[in-house]
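Modelling step: build the complete structure from the supplied sequences, incorporating the hints.
Protein chains: 4
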Amino acid sequence: MQPAAPAPRAFETRIRVIYGDTDQMGVVYYANYLRYFEAGRTEFFRSCGGTYLEMEKTGFGLPVIEAHCEYKVSAKFDDVVVVRTWVDEIRRASLLFRYAARREGDGTLLAIGHTWHACVAAGGKPARLPPAVVRLLTGESSPRS
Amino acid sequence: MQPAAPAPRAFETRIRVIYGDTDQMGVVYYANYLRYFEAGRTEFFRSCGGTYLEMEKTGFGLPVIEAHCEYKVSAKFDDVVVVRTWVDEIRRASLLFRYAARREGDGTLLAIGHTWHACVAAGGKPARLPPAVVRLLTGESSPRS
Amino acid sequence: MQPAAPAPRAFETRIRVIYGDTDQMGVVYYANYLRYFEAGRTEFFRSCGGTYLEMEKTGFGLPVIEAHCEYKVSAKFDDVVVVRTWVDEIRRASLLFRYAARREGDGTLLAIGHTWHACVAAGGKPARLPPAVVRLLTGESSPRS
Amino acid sequence: MQPAAPAPRAFETRIRVIYGDTDQMGVVYYANYLRYFEAGRTEFFRSCGGTYLEMEKTGFGLPVIEAHCEYKVSAKFDDVVVVRTWVDEIRRASLLFRYAARREGDGTLLAIGHTWHACVAAGGKPARLPPAVVRLLTGESSPRS
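Protein chains in written order, with this note's numbering: chain B, 13 to 157; chain E, 13 to 157; chain X, 13 to 157; chain D, 13 to 157.
In case anyone wonders, no lab produced these hints; they're calculated from the structure.
There's no promise every hint is true.
To give an idea of the chain E side of the interface with chain B (calculated C-beta under 8 Å), a few residues [as the list claims (entries may be wrong)]: (1) 37; (2) 42; (3) 43; (4) 47; (5) 72; (6) 75; (7) 77; (8) 78; (9) 79; (10) 80; (11) 82; (12) 83; (13) 85.
Heads up, the beta-carbon is just placed ideally off N, CA and C, and yes, glycines get one too.
Okay, here's the thing in structure tokens:
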């Protein structure tokens, strides 16, 4: 019998909205959600027991090749935005992060989005995702036999 | 016989990449393309003979409800990014801008993307796109009979 | 005998450096320290028992009229920057915040700076600092007799 | 007899304010003036016949060691900010840029500021300003005899 699939990992990162994040409509400027998503995935890495920085030091990078965001309700100055981040798909040489941003307190859904990342080796060449990174992000601490 | 459909309007905006747009990979940070797209659509409005600011003064806004970007080749410091912008679809209460960003000089395609905008009236309520805005953006200077 | 003057209040805010804060030199872009300083003073307000947002709702604002930063050592991606913030001077209609940013862990001094703020009432007119704001920021919870 | 000192070079760069530059007060966020100053000095280099990029390729950099800005009148969305930039002082291993930002049209002074830059060689070590850079920025096309 197969063991049950582990529940997908997710991690929540809190970000306090500053003046510099808002625009003249009095809400968070749309591009800044991609900054929040970046904070979310960096903290996701850390929550898995590694860091993005360490992965880079092994010679690999995960540049964004596609970003997408749907805006539901506007976040405002001094709100705390909670970004829930998880890995939704892992392919040979790319992976998909998904994000859901909620307002702390009432839990209002502010935005959802995703980013696709290519794996590149030194020099920017496409590369297979290192098994150590896959294990880190999926929580499979030992290689399959 | 129907008159031929007019060619869709498009407008090209030039943006010089500054240090502040780049990140430690030595390329433009992914969120900044959404800033470039905003510059593109603001200049698109102006090229149509109006401004986004004037539209706002009539009490309407076009907040972004969805943003999407696909990254092809990285732009670098001191590059000039040329953002081609056009309206691809107009619905009753929303519209779709599309963007193609190229590097000036060699014309390399850097990124493509789109933004969906809802039309809102004062107070943020959804509203029908004002006919004057539709005419402005589509270049139809007189109402159809 | 006079009671000893209370030690000046200061508050420390932690900020994790993201990719979007860095530039192609691999360090935090110089303008972003002003963002960190803003985070520092917003959290300073909160540490005093109020919020900048609440003050604004009473009709007052504290726009920056002068900003200054001296850069000592570069912060890098994934560093935690600790911004120590305090009020250094309060005049009739303006006040001075000072900041010292250090790297968490080794305590390296990254940057020091200050911002002068004018007090303005509704409509942007210069105004005397509200006594409640002075008390909040200085920690004098009751008026002097 | 000494020849008259040449008038100091200055260069004016135009920047259109986008939504993403503003904050919820409806004005340009204070940190963004440092971005405008950077655009000003990069274009100043170009106006001298070289580029900052070319200087970097010779192995030198000019990191900011001090930035200062005084805010006079707020710039708003869709304003064109004209940044006048000039070199005010050149020392052995550092130099001073000054900036004056005005609103296009009525010429209103928005902000003034300066940035001090250290000269560094590869690896970030302090270095004497290369004579070629001094000549480029001062417009002295041949060395003094």
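Inset, instruction - Would you check whether residue 85 of chain E satisfies its interface hint, that is, whether its CB is within less than 8 Å of any CB in chain B? - result: violated, 10 Å
Inset, instruction - Classify the hint on residue 80 of chain E as holds or violated, based on whether any CB of chain B lies nearer than 8 Å to its CB. - result: Status holds, d = 5 Å.
Inset, instruction - Go through the hint on residue 78 of chain E and say holds or violated, using the shortest Cβ distance to chain B against 8 Å. - result: holds, 5 Å
Legend entry - Hint status (Cβ of residue 82 of chain E to nearest Cβ of chain B, threshold 8 Å): Since the shortest Cβ distance to chain B is 5 Å, the answer is holds.
Legend entry - Proposed interface contact between residue 42 of chain E and chain B, which counts if any beta carbon pair is under 8 Å: This interface hint holds because 5 Å falls under the 8 Å limit.
Inset, instruction - Let me know if the C-beta of residue 75 of chain E comes in closer than 8 Å to any C-beta of chain B, holds or violated. - result: At about 7 Å, which falls below the 8 Å cut-off, the nearest Cβ of chain B leaves the hint on residue 75 of chain E intact, so it holds.
Inset, instruction - Return the status of the interface hint for residue 79 of chain E: holds when the least beta-carbon distance to chain B is below 8 Å, violated otherwise. - result: Check passed: Cβ of residue 79 of chain E comes within 5 Å of chain B, closer than 8 Å.
Inset, instruction - May I ask you to test the interface hint for residue 43 of chain E with respect to chain B, counting a Cβ-Cβ separation under 8 Å as satisfied? - result: Holds. Min distance 4 Å.
Legend entry - Given hint residue 37 of chain E near chain B, where the shortest CB pair must fall under 8 Å: holds, 7 Å
Legend entry - Cut-off 8 Å, beta-carbon criterion: hint that residue 47 of chain E touches chain B: holds, 5 Å
Inset, instruction - So, residue 83 of chain E near chain B? Judge it on the closest CB pair being under 8 Å. - result: Given a least distance of 5 Å, the restraint on residue 83 of chain E holds.
Legend entry - Minimum beta-carbon distance criterion (8 Å), residue 77 of chain E to chain B: Check passed: Cβ of residue 77 of chain E comes within 5 Å of chain B, closer than 8 Å.
Violated hints, in rising order: 5 and 13; the structure is consistent with all others.
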